[in-house]
Amino acid sequence: MGVILSIPADAGRRRIEELLQENEDRVFKRWLEIAGSASGGQVDRSSLASQLRELYQALRQSFGDSGDLSDLRGLLAELSRTRARQGFTSTETAIVVFGLKEALYESVEDDASPEALRGFIWFSRVIDDLGLFTVESYATAREKVILDQAEQLLELSTPVVKLWDGIVAVPLVGTLDSARTQVVMEKLLQILVDTGSEHAVIDITGVPAVDTQVAQHLLKTVVAARLMGAECVISGIRPQIAHTIVTLGIEFGDIVTKATLADALAHTLRASGVEFTKSRGSRIAVRTVED
Amino acid sequence: MDRVPILKLGDILIVSIQIDLQDQSVLALQEDLSEQVVATGARGVIIDISAVEIVDSFIGRMLATIAGISRMLDAETVVVGMRPAVAITLVELGLSLGGVRTALNLEKGVALLNHIESVQIASATR
Chain A
1 MGVILSIPAD AGRRRIEELL QENEDRVFKR WLEIAGSASG GQVDRSSLAS QLRELYQALR
61 QSFGDSGDLS DLRGLLAELS RTRARQGFTS TETAIVVFGL KEALYESVED DASPEALRGF
121 IWFSRVIDDL GLFTVESYAT AREKVILDQA EQLLELSTPV VKLWDGIVAV PLVGTLDSAR
181 TQVVMEKLLQ ILVDTGSEHA VIDITGVPAV DTQVAQHLLK TVVAARLMGA ECVISGIRPQ
241 IAHTIVTLGI EFGDIVTKAT LADALAHTLR ASGVEFTKSR GSRIAVRTVE D
Chain B
1 MDRVPILKLG DILIVSIQID LQDQSVLALQ EDLSEQVVAT GARGVIIDIS AVEIVDSFIG
61 RMLATIAGIS RMLDAETVVV GMRPAVAITL VELGLSLGGV RTALNLEKGV ALLNHIESVQ
121 IASATR
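Protein chains in written order, with UniProt numbering: chain A, 1 to 291; chain B, 1 to 126.
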């Protein structure tokens, strides 16, 4: 032990650099093996090999350039990002980096010099740092993916459809929270202005649960539309939801609520002065072919 | 001090607010408007706020007050052209402008006043 500690750090570091150069083929082959088995069959060997080759070169270069790791970090960040998008787990991504330690250890053991062992401790610290960096980049990339998806969902889930001249509908699907309601509210009000529609139907058939907060949001939307001179009807209230609303003691006041979108459409059509009649005795045409 | 112009169109008075309202100009507007309603015998007042981008509780109260004054003088008030952002702000402030009629634009506002009058006449002659 005392022997190892008395060796200057530089000597160990130099020895590792030499080993990385001398046994490049062997270390690299082993590394590729470890990284490949950790990634399962999800990635093709040739692209992984070229990626690792690049990393290997960058690592050796950084040791040469008095420990400047920025190039290497850039490559690792890129690797983490692609892996996060491809759906690898953080462990699978980190093992790619940590695998190099194991790959090199075999060469160090064969070398069996105190310098190499001492250097390996230093090397292991460097790889640990890089591994942590990889996991961190992976997490950041993953978070960005989630954020992007949430945004896309927000845009997707708030369509405003025109039902009739002067009647628009907003079919709401999924759980309502304040952020989403805000988007719905703004979009609906803007459409009311743009199309000059005086009637709007908010359909909540696709909303799984209505609590006081959701009800509050709906009421706000209706009042805002009213301030602008448009009337809102809330439709698609299922029996369970009606039950919940009454149990919670939520007052919808003079806001018109309907059970189905069809009822709401009929109501708004009548309110906007459209008259419609069901033609009596609708016939089914039957034609017989005589031969 | 800027005065808000009041336009007369038939028996409707049209107020189009296109300046940043100060307390003084609002008070002047209320005075001018009540005088004009009496002088012209108007049956309807339309307040166009399509150019108003920023509102506070003061403006909300002003609209309600004008509506109250006009109703005392037998004229219906319709607020037209409120922007979505303004409507959201008013709702967040907890102002629902009860008793004030609203319409999407000036044209619909005029139509609303005509409709109200025809309903009133129909119920009177019944």
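Everything labelled a hint here was simulated from the structure, so no lab data went into it.
Hints may contain errors.
Partial chain B-side listing against chain A, Cβ under 8 Å, derived [as the list claims (entries may be wrong)]: (1) Gln36; (2) Val38; (3) Thr40; (4) Met82; (5) Pro84; (6) Ile88; (7) Val91; (8) Leu93; (9) Leu97; (10) Gly99; (11) Thr102; (12) Ala103; (13) Leu106; (14) Lys108.
Where a beta carbon is used, it is the ideal one built from N, C-alpha and C, also for glycine.
Consistency of the hints with the structure:
1. Gln36: violated, 23 Å
2. Val38: Where the cut-off is 8 Å and the nearest Cβ of chain A is about 27 Å from valine 38 (chain B), the hint is violated.
3. Thr40: This interface hint is violated because 24 Å lies over the 8 Å limit.
4. Met82: Result: holds, 5 Å to nearest chain A Cβ.
5. Pro84: Check passed: Cβ of proline 84 (chain B) comes within 3 Å of chain A, closer than 8 Å.
6. Ile88: The hint holds - isoleucine 88 (chain B) has a Cβ within 8 Å of chain A, the shortest such distance being about 5 Å.
7. Val91: Holds: closest Cβ of chain A sits about 5 Å from valine 91 (chain B), inside 8 Å.
8. Leu93: Not OK, violated: leucine 93 (chain B) not within 8 Å of chain A, min 11 Å.
9. Leu97: Given a least distance of 6 Å, the restraint on leucine 97 (chain B) holds.
10. Gly99: violated, 12 Å
11. Thr102: Nearest chain A Cβ about 4 Å off; hint holds.
12. Ala103: holds, 4 Å
13. Leu106: violated, 11 Å
14. Lys108: Holds, about 7 Å.
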